[in-house]
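2 protein chains.
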Amino acid sequence: MHQLQILKFPGRLVMCEANAYLLKDGKEELFLEDLDTVEPDNGGLRLTSIFGEQKFIKGKISSLSLVDHKVIIEQTDE
Amino acid sequence: MHQLQILKFPGRLVMCEANAYLLKDGKEELFLEDLDTVEPDNGGLRLTSIFGEQKFIKGKISSLSLVDHKVIIEQTDE
Numbered sequence: 394m395h396q397l398q399i400l401k402f403p404g405r406l407v408m409c410e411a412n413a414y415l416l417k418d419g420k421e422e423l424f425l426e427d428l429d430t431v432e433p434d435n436g437g438l439r440l441t442s443i444f445g446e447q448k449f450i451k452g453k454i455s456s457l458s459l460v461d462h463k464v465i466i467e468q469t470d471e
Numbered sequence: 394m395h396q397l398q399i400l401k402f403p404g405r406l407v408m409c410e411a412n413a414y415l416l417k418d419g420k421e422e423l424f425l426e427d428l429d430t431v432e433p434d435n436g437g438l439r440l441t442s443i444f445g446e447q448k449f450i451k452g453k454i455s456s457l458s459l460v461d462h463k464v465i466i467e468q469t470d471e
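In order, the protein sequences belong to chains A and B. Remember, this note's numbering sits 393 above the position in the first sequence when you count from 1. Remember, this note's numbering sits 393 above the position in the second sequence when you count from 1.
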C-alpha cells in the first residue's frame with residue numbers, strides 16, 4: 394500500500410494528485426479520482442487511487458496533462 | 394502554453410510534477426524532467442515539460458506512479 398504523497402513544510406501539508414478520465418465520444422468522463430498508479434494488467438490497465446481504491450479497464454493511456462491533473466484513458470474493448 | 398502549476402498558500406509556493414522515464418532492459422532511464430503533457434503524435438508520443446521543453450519518442454505510456462512522480466514510457470521502435 395502506498396503512502397499518501399505529502400509534501401511537508403513547516404506547519405503545512407500538501408498533496409499532489411490527478412484524476413483519471415475515460416475518453417468517450419470525444420468527451421472526458423471521470424473514471425477514478427485521486428489517482429496514484431496505472432499499471433498494465435491482463436491486457437488492460439489497473440488503476441489505483443492514493444486511498445487504495447482499484448479499478449480495471451480494457452484500455453490504454455491516451456494522454457496526460459499533469460498541470461491540469463488529468464490522465465486520459467481510451468477504452469479498447471473490441 | 395500552460396501555466397506552471399502553483400499551489401498558493403500564505404507566503405509559500407509549491408509545484409507538483411513528475412518525470413518521464415524510458416524503460417530500457419528493465420531499467421528506468423530519465424527521459425524528461427518536470428513533465429506536464431504527454432500526447433499522441435505521429436504514431437508516437439510528444440512530451441512537454443512545464444518549462445516548454447519538448448521531446449518526441451516512438452513509444453507508449455507503460456505505467457504511472459504519481460506518488461513516486463514517475464511516468465514510465467516504453468519504446469516501440471520496431
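Don't read these hints as lab results, they were simulated from the structure. Don't be surprised by glycine CBs; every beta carbon is placed ideally from N, CA and C. Treat the hints with caution; some may be incorrect.
[Stated by the list, open to error] To give an idea of the interface, some chain B residues facing chain A are shown, with a C-beta separation under 7 Å as derived from the structure:
| no. | residue |
| --- | --- |
| 1 | A411 |
| 2 | N412 |
| 3 | E432 |
| 4 | D434 |
| 5 | N435 |
| 6 | V460 |
[As the list claims (entries may be wrong)] Restraint ranges, calculated between C-beta atoms of paired labels, are given here:
| no. | chain 1 | residue 1 | chain 2 | residue 2 | range |
| --- | --- | --- | --- | --- | --- |
| 7 | A | G436 | B | E432 | 32 to 38 Å |
| 8 | A | G445 | B | D434 | 21 to 27 Å |
| 9 | B | K420 | A | G419 | 33 to 39 Å |
| 10 | A | E432 | B | D418 | 25 to 31 Å |
Structure-based check of all given hints:
| no. | hint | in the structure |
| --- | --- | --- |
| 1 | A411 | holds (6 Å) |
| 2 | N412 | violated (11 Å) |
| 3 | E432 | holds (5 Å) |
| 4 | D434 | violated (10 Å) |
| 5 | N435 | violated (14 Å) |
| 6 | V460 | holds (4 Å) |
| 7 | A:G436 / B:E432: 32 to 38 Å | violated (24 Å) |
| 8 | A:G445 / B:D434: 21 to 27 Å | violated (34 Å) |
| 9 | B:K420 / A:G419: 33 to 39 Å | holds (38 Å) |
| 10 | A:E432 / B:D418: 25 to 31 Å | violated (19 Å) |
Checked against the numbered hints above, the structure breaks hints 2, 4, 5, 7, 8 and 10 and satisfies the rest.
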